[in-house]
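Participant: So the protein sequences, as listed, match chains A and B. Heads up: the first sequence begins at 6 in our numbering, then just goes up one per residue. Heads up: the second sequence begins at 211 in our numbering, then just goes up one per residue.
Mixed in with the good hints there might be a few duds.
Unchecked claim - Simulated coverage check for chain B against chain A, where a stretch passes if three residues somewhere in it have a Cβ under 8 Å from a Cβ of chain A:
no., segment
1, 264-272
2, 306-315
3, 480-493
Derived from the structure by calculation, the hints contain no laboratory data. Think of the CB as a built atom: it goes at the ideal place given N, C-alpha and C, for glycine as much as any other residue.
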Amino acid sequence: MATPAAIRVLEHELLLYRRVWRGSLFSSFLSPVLFLAAMGVGLGGYIGRAGGAAGAAPGGAAVALGGVSYLVFIAPGLLASTAMQAAAGESTFPIMGGIVWARSFHGMLTTPIRALDVLLGKVAYISLRLTLVCSVFFGVMVLFGATRGPQAVLAIPAAILTGLAFTTPIVAFSATQKDTNGFNALFRFGMIPLFLFSGTFFPIAQLPVFLQPLAVVTPLWHGVDLCRTLALGTADAAGVLVHVAYLGTLTAVGLALAHRAFRRRLER
Amino acid sequence: MPDPLPPALIRARALTKRFGTFTAVDAIDFDVAPGESFGFLGPNGAGKTSAMRMIACVSPVSDGELSVLGMDPRADGPRIRARLGVVPQQDTLDMELTVAENLAIYGRYFDLPRSLIRERVAELLDFVQLSERARDQVESLSGGMKRRLTIARSLINEPDLLLLDEPTTGLDPQARHLLWDRLYRLKQKGVTLVLTTHYMDEAEQLCDRLVVMDKARIVAEGSPRRLIDEHSSREVLEMRFPVGVQETLDGLLEGLGDRVEQLPDRVLVYADDGDAAAAAAHERGLRPEMSLVRRSSLEDVFLRLTGRSLVD
Chain A
6 MATPAAIRVL EHELLLYRRV WRGSLFSSFL SPVLFLAAMG VGLGGYIGRA
56 GGAAGAAPGG AAVALGGVSY LVFIAPGLLA STAMQAAAGE STFPIMGGIV
106 WARSFHGMLT TPIRALDVLL GKVAYISLRL TLVCSVFFGV MVLFGATRGP
156 QAVLAIPAAI LTGLAFTTPI VAFSATQKDT NGFNALFRFG MIPLFLFSGT
206 FFPIAQLPVF LQPLAVVTPL WHGVDLCRTL ALGTADAAGV LVHVAYLGTL
256 TAVGLALAHR AFRRRLER
Chain B
211 MPDPLPPALI RARALTKRFG TFTAVDAIDF DVAPGESFGF LGPNGAGKTS
261 AMRMIACVSP VSDGELSVLG MDPRADGPRI RARLGVVPQQ DTLDMELTVA
311 ENLAIYGRYF DLPRSLIRER VAELLDFVQL SERARDQVES LSGGMKRRLT
361 IARSLINEPD LLLLDEPTTG LDPQARHLLW DRLYRLKQKG VTLVLTTHYM
411 DEAEQLCDRL VVMDKARIVA EGSPRRLIDE HSSREVLEMR FPVGVQETLD
461 GLLEGLGDRV EQLPDRVLVY ADDGDAAAAA AHERGLRPEM SLVRRSSLED
511 VFLRLTGRSL VD
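If we strip away everything but chain B, and leave its shape as in the complex, we get (with noise of 0.2 Å):
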């Protein structure tokens, strides 16, 4: 019988990654669609990075069903990886050549011709700003340079899928939205990219769609201004008072928003009208030495889930 709907190019059901006793990914279903964003969002260790290795073929499914490209990778991981582009979370960069020779060699693994490789070893510097690098010894380059250069590198088969785990991880901010802006782009080019991250801006910046893992299982999914709607308030009052007085307001808190949590260093209040809530704390007779009202993001959205922030 015909699927009505267009092919998933990721179908992962009931998906499960142990080593030995542990379980690093507990039975987890997703779907990725063509040209989709699509990120795992989570803390470290919640099994973000061993389902990203199960989908680059890498690492072999413990359990369940997963198909990459409309393929098997038990049966045809060389044949899937030939059409991805993979971002792993550690460079695996070659310190002693240069920064072309690193595309080249690359581009050679998928047998690609020394002058199709030519070509696009002068594209993709040009895309990823490198270009007056190009005969340096990439021992001499900067993290955000390094990590530009393995994306660089991961595009030289043009990949139907690319997989980035973490891409960002360790940057600077300036580096960060120089990547984000060449991400965006190949976004807008049409290439599917899956994600991995622990940053809520990265995940609102560049995903369609993800899902929150926490301890090996998704526990939300949505598009990330869907999970704001469906788990926190419009907007967040966040007040620090003085060393001391914070754990003293308990009651006084009560009842200010639609819920209020307390972090070691601060009191967030979940309110639609953020600065209503802050009259209302000020009537109470509360005198923090900082205030401010913000929209909600996937933090509050990850911390309503799991009871914890996503970086601690």
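Just chain A, with the same shape it has in the complex (with noise of 0.2 Å):
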């Protein structure tokens, strides 16, 4: 039986990634450690007591944090983050190379694979490492005590959808570049203010009230609370559903467009 052409590019992905698998699973696991460790019980635990030395309600910043601890506040929010940044890299970078440096995928389409099946088996093989990566940081939630109930679990998917909305863009993006400094602007003007501002670390409602608009519409705000939500188990089926089909419109206009940009490039 035929073995699907994108299968077939994925084949190629896993061959390379089994030479690095070891090193990427420890940074996987060692990543969310150090940021639950630093900002969670470091950063956490001093927040909660200067809230309590103000002698405000019980736990000041625990009440604009929905009542829970710091910790359990951002971890969701940094899981979220994360399948954003490790959507990034796989989604800058290695296109170039497919393209320019090594050119790989020149190589496959003198072969019956066709550019669109080059796409889907590299976005493929992007969905596996956003699966491994969520998991592992869930699993480090958990040994943390940074989850609510196991409806949490929900937030693994949540947060692979979130990686996927901004992988598909960014290829889409990567295949039209011709050197890496649109790479540097989009991650200094692009990544960095999201993470930073997506309600993340604090929530949005502590943003100027005109910038709250523009962060109910970045994707990362989107991915954050869906996470958080699904973590804490507070979701509710509205909230749930708009996220879901914001983040899956994203990844059906990203995979378009890159679709677009790959045939322009590789078909010419």
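Using the hints, put the two standalone chains together into the complex.
Facilitator: Shown next, in the form of structure tokens:
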């Protein structure tokens, strides 16, 4: 029976990943441990004490955070942000490599594989990477006691979807680039502000009023809020539906744009 | 009505490739028969690679007709590519993978079963003399070895048609001869070869028939021998003069052979008897620093047809 062409492209990616999986798995584990220890336990513990010392209602900061500790508050936000960053990493330099540097995509196109198959295979690979990164991250959250209830496990697919909503548009962008200057701009003016201001570290209600609507339309805020409400057990059906629809639409539009960019670049 | 001739593997009529307003291939016609070894000869930028990429079904045809293996690249790209072997101008090997892994994954792109791939990888590594390097990373190979690996890779699907875009450019003479030998063996086995080159010796060694391309068009077509007979003399007298002397010789060179060509560094006299031309030059008092008689080559044909040399 014939193997779908996109799966054959995925085989290539997995063959490459097999060479680096140990280091990759280790850093997928280490990064949430460090972040949750520093931001959640360290900074969170400090905020908790400061809130108590101010003598306000039990845990002044905790009220703003929805009645949970800072660790429990930021853990799902960091999960969504980590998915975004992993997606951005896999969707920039490796795409440029396939088109410009190692030119492996061009090699694939001299076989029955089409540009669409290369794209789908690559996205399938990134989905697997996101599954790994998000699952390990979630496991660390559980170890830190940062989840509330069994439904929290749904934060894993939520984070994967968040990652995909960044993957396909960034792949589309990368496939139009001739060098890495665009990537520097993307990270500096795109990823970092999103990371800092999309509700990962503090509720967006803390932002100046005029900035709040802006935060609400960024994809990371939808991902963060989806992961957080699921992890804390505060999700409602309407909210989940809006977030999933938003992130799903972004993924689909990005895929269409990426297909066009791949064809323009590879089938000239 | 049945066609009396054996069907061509490749048939192009008014085949054209445009990039925006630039025309890379301008309405060329050619046919390639099964088992034939066919070449596109021309300088860089003549349109050889663009023609080749259209045949390989990786670059869409802008205009005209093209049929490859009896199919239309527009509609049947993946089906045609399943039966092609392609050696691109730039290697697209996976540097981080081993030699054997590069072949195996390429076989998977064709959806070949793993057991068959294992057999073919061993055979092909033997064929291109890389068996000892099977487990080495590609990064560690020399340029010639990488090229051989690319050729082995292009054979993994046992193609009916092998396309080679400048297969030996940038290789040292020893590596080139080894490659030529392998390609010659494939030709003996009946594999149809189509190649582009700007090396005369390569075209003369490998091509039964070739077209000379210049500025997006075909300017001549035939076997290497016939092209030389038609467009050049049997022999060529090459003379090199001391610096500054060549510019003063104009009148003295006229009528020495059938035709005289002045290059920046030497004078070429086209004549059926090169030795007689050399004697005549001596009689006229010409004293070149160096003088030699050789047979005409495709380089001379190209010079005649375009007024320029192939590699500048």
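Participant: If a hint holds in the structure, say so; if it doesn't, say that too.
Facilitator: How the hints compare with the structure:
1. Remark: the segment 264-272 of chain B is confirmed as covered by chain A, as 4 of its residues place a Cβ nearer than 8 Å to a Cβ of that chain, reaching the required three.
2. Coverage of a stretch by a chain is defined here by at least three residues with a beta carbon nearer than 8 Å to that chain's beta carbons; for the segment 306-315 of chain B and chain A the count is 4, and the condition holds.
3. Using a Cβ-Cβ cut-off of 8 Å, 0 residues of the segment 480-493 of chain B lie near chain A, which falls short of the minimum of three, so the contact claim is violated.
Going through the hint list in order, the structure does not satisfy hint 3, though it satisfies all others.
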